[in-house]
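Trainee: These are the residues of each chain, in order.
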Amino acid sequence: MNRYLKDFLYRGLIFGGFGPIVVAIVFMCISLADRGFSLTASQILLATVSSYLLAFIQAGVTVFNQIEHWSTVKSLLCHFVTLYAAYSVCYVVNSWIPFEPMVLVIFSAVFVLLFFVIWGIVYLSVRATSKRLNSQLKG
Amino acid sequence: MKFRLFIDRGREEEVIVYAHEKSRLVSSIEKLVSDNTELIGYNGKTAVRINLCEVYCFVTERNKVYAVTEKEKLQMKLRLYQLEEIADENFVKINQSCIANIRMIGRFDASVSGTMRVVFKNGYTDYVSRRQMKTVKERLGL
Numbered sequence: 001m002n003r004y005l006k007d008f009l010y011r012g013l014i015f016g017g018f019g020p021i022v023v024a025i026v027f028m029c030i031s032l033a034d035r036g037f038s039l040t041a042s043q044i045l046l047a048t049v050s051s052y053l054l055a056f057i058q059a060g061v062t063v064f065n066q067i068e069h070w071s072t073v074k075s076l077l078c079h080f081v082t083l084y085a086a087y088s089v090c091y092v093v094n095s096w097i098p099f100e101p102m103v104l105v106i107f108s109a110v111f112v113l114l115f116f117v118i119w120g121i122v123y124l125s126v127r128a129t130s131k132r133l134n135s136q137l138k139g
Numbered sequence: 001m002k003f004r005l006f007i008d009r010g011r012e013e014e015v016i017v018y019a020h021e022k023s024r025l026v027s028s029i030e031k032l033v034s035d036n037t038e039l040i041g042y043n044g045k046t047a048v049r050i051n052l053c054e055v056y057c058f059v060t061e062r063n064k065v066y067a068v069t070e071k072e073k074l075q076m077k078l079r080l081y082q083l084e085e086i087a088d089e090n091f092v093k094i095n096q097s098c099i100a101n102i103r104m105i106g107r108f109d110a111s112v113s114g115t116m117r118v119v120f121k122n123g124y125t126d127y128v129s130r131r132q133m134k135t136v137k138e139r140l141g142l
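Residue numbers (our numbering), protein chains in the order written: chain G, 1 to 139; chain R, 1 to 142.
One chain only, chain R, in its complex shape (with noise of 0.2 Å):
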């Protein structure tokens, strides 16, 4: 199979793949590409199947760990920091209590306290505690 990358920082990253069959070379890319990790969150005592790649953050409030999406906070039944070993290198870990999908942040800002706070694209707040500071650098390149 031939390969072939193209740097054009003005289109939507996507793969396209040109197969005879669906390989297993397919199927890694596939599972490469789309981050199909999938957890079950509890909306209530309803079970709803999530990918990974569409959580923005996971976060403690109460002893309960929720999964926080583009719309609604699904309660998990996994602690912080078994999440935190499932999670990819998408995911940082911005404070004691939330792991952050890189992805999904939308911006940095300096809050008034001198904490740098993150809001995540679908308008969620969390902050940057001063000791997951030198993590989040690393992680963005800094």
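Chain G on its own, in the form it takes in the complex (with noise of 0.2 Å):
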């Protein structure tokens, strides 16, 4: 099995049952703040298989990053784009967000902002430690 392949379903796998467990939290506070909200045995299933693939493709496609032969344009956005599918697909699916043009465009704009601020913040302390490390190395 091809090494990237194989790196990707084993990181989907230890982290996708993160994605329920997530779900399940934030539908006991919406519960806790709202008496009246209630959802149906399909709902929570939908709900269940959709955050479990949802945390698994987010785990899985770290990888991507490390296919050595990828430019880093290429290997970001690749990274990007299938964490923006699979986020909207889940939301649509469990009807999250509503299926309308308006709708979306904030939610895509939503979505770019968070990815490359967490993208910014990561990168920019883990480049901080291997300027460190190079220092080390050069002393």
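What the hints contain is simulated information worked out from the structure, not anything from laboratory work. All clues stand as given, with none of them false.
Calculated Cβ distances over 10 Å to all of chain G for the following chain R residues:
{"hint": "1", "residue": "F6"}
{"hint": "2", "residue": "E12"}
{"hint": "3", "residue": "K22"}
{"hint": "4", "residue": "Y42"}
{"hint": "5", "residue": "K45"}
{"hint": "6", "residue": "T46"}
{"hint": "7", "residue": "R49"}
{"hint": "8", "residue": "C53"}
{"hint": "9", "residue": "K71"}
{"hint": "10", "residue": "L78"}
{"hint": "11", "residue": "R79"}
{"hint": "12", "residue": "L80"}
{"hint": "13", "residue": "E84"}
{"hint": "14", "residue": "I86"}
{"hint": "15", "residue": "Q132"}
Below are the DSS-like pairs computed for lysine-lysine, each with C-alpha atoms no more than 27 Å apart in a straight line:
{"hint": "16", "chain 1": "G", "residue 1": "K131", "chain 2": "R", "residue 2": "K134"}
{"hint": "17", "chain 1": "R", "residue 1": "K22", "chain 2": "R", "residue 2": "K2"}
{"hint": "18", "chain 1": "R", "residue 1": "K73", "chain 2": "R", "residue 2": "K45"}
{"hint": "19", "chain 1": "R", "residue 1": "K73", "chain 2": "R", "residue 2": "K121"}
{"hint": "20", "chain 1": "R", "residue 1": "K77", "chain 2": "R", "residue 2": "K121"}
{"hint": "21", "chain 1": "R", "residue 1": "K77", "chain 2": "R", "residue 2": "K45"}
{"hint": "22", "chain 1": "R", "residue 1": "K71", "chain 2": "R", "residue 2": "K45"}
{"hint": "23", "chain 1": "R", "residue 1": "K71", "chain 2": "R", "residue 2": "K121"}
{"hint": "24", "chain 1": "G", "residue 1": "K74", "chain 2": "R", "residue 2": "K121"}
{"hint": "25", "chain 1": "G", "residue 1": "K138", "chain 2": "R", "residue 2": "K71"}
{"hint": "26", "chain 1": "R", "residue 1": "K64", "chain 2": "R", "residue 2": "K121"}
{"hint": "27", "chain 1": "G", "residue 1": "K74", "chain 2": "G", "residue 2": "K6"}
{"hint": "28", "chain 1": "R", "residue 1": "K121", "chain 2": "R", "residue 2": "K137"}
{"hint": "29", "chain 1": "G", "residue 1": "K74", "chain 2": "G", "residue 2": "K131"}
{"hint": "30", "chain 1": "R", "residue 1": "K121", "chain 2": "R", "residue 2": "K134"}
{"hint": "31", "chain 1": "R", "residue 1": "K121", "chain 2": "G", "residue 2": "K131"}
{"hint": "32", "chain 1": "R", "residue 1": "K77", "chain 2": "G", "residue 2": "K6"}
{"hint": "33", "chain 1": "G", "residue 1": "K131", "chain 2": "R", "residue 2": "K137"}
{"hint": "34", "chain 1": "G", "residue 1": "K138", "chain 2": "R", "residue 2": "K121"}
{"hint": "35", "chain 1": "R", "residue 1": "K77", "chain 2": "R", "residue 2": "K64"}
{"hint": "36", "chain 1": "R", "residue 1": "K134", "chain 2": "G", "residue 2": "K6"}
{"hint": "37", "chain 1": "R", "residue 1": "K45", "chain 2": "R", "residue 2": "K64"}
{"hint": "38", "chain 1": "G", "residue 1": "K6", "chain 2": "R", "residue 2": "K73"}
{"hint": "39", "chain 1": "R", "residue 1": "K137", "chain 2": "G", "residue 2": "K138"}
{"hint": "40", "chain 1": "R", "residue 1": "K134", "chain 2": "G", "residue 2": "K138"}
These numbers come from a predicted model, not from an experiment. Glycine included, C-beta positions come from ideal geometry on N, C-alpha and C.
Relying on the hints, combine the two individually framed chains into one complex.
Mentor: Here's what the structure looks like:
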């Protein structure tokens, strides 16, 4: 089996289970805030399965950034597109957002903003550490 | 035997010994400095003798263990954990499938995934896992 595919599946299997846990916590918080909140069995099943797949994909796609023969732009773009597609489909299928053009535009804008803010914070932190390690190597 | 130490960052590091004969002390110094632990790697069916100090890193790929040297990748008969035991203090485990020779690391880079990429002096690259980051930092004195 391809090394990257194996890594994708391995990471997905490890972290996939966190998706339904997060969804359950969110549902619990909503039910505490809104006493009238209720879900049907099929809604719960759909939310559980889709959030598992979402977490699986989210963990697995980090492997894109380790494919050595891919450029930085290509790996970042593939990472972003896969996550965006997974989140959009999951949110629409579960009716967490309505399938309306304006809502999708706002969702996309928020997603892009959050993706790059989180990526920037992590990247800058790792870059600072790598600089310190490089100075130790030279010293 | 007298011992003299000169700290000079501008010169290549070397140890020169003046002795009347090759004593046990001289042999010990030679062993300590030349890092002579030898391993056998395989290039296809050809066995190749390599010094531990020539190895850039040991990696596991498709359940096989390889020693990456300057120009080639030699298959090893030992498992990664066995090599970890043999490897000296210049080696550090950087992820689940790679033990790196610190002396052969060219630089560290931040990768777009938020992991730290290691670029060896021969151009070979791997990454530092989050789990091993603390150990790597400690070994480099951070």
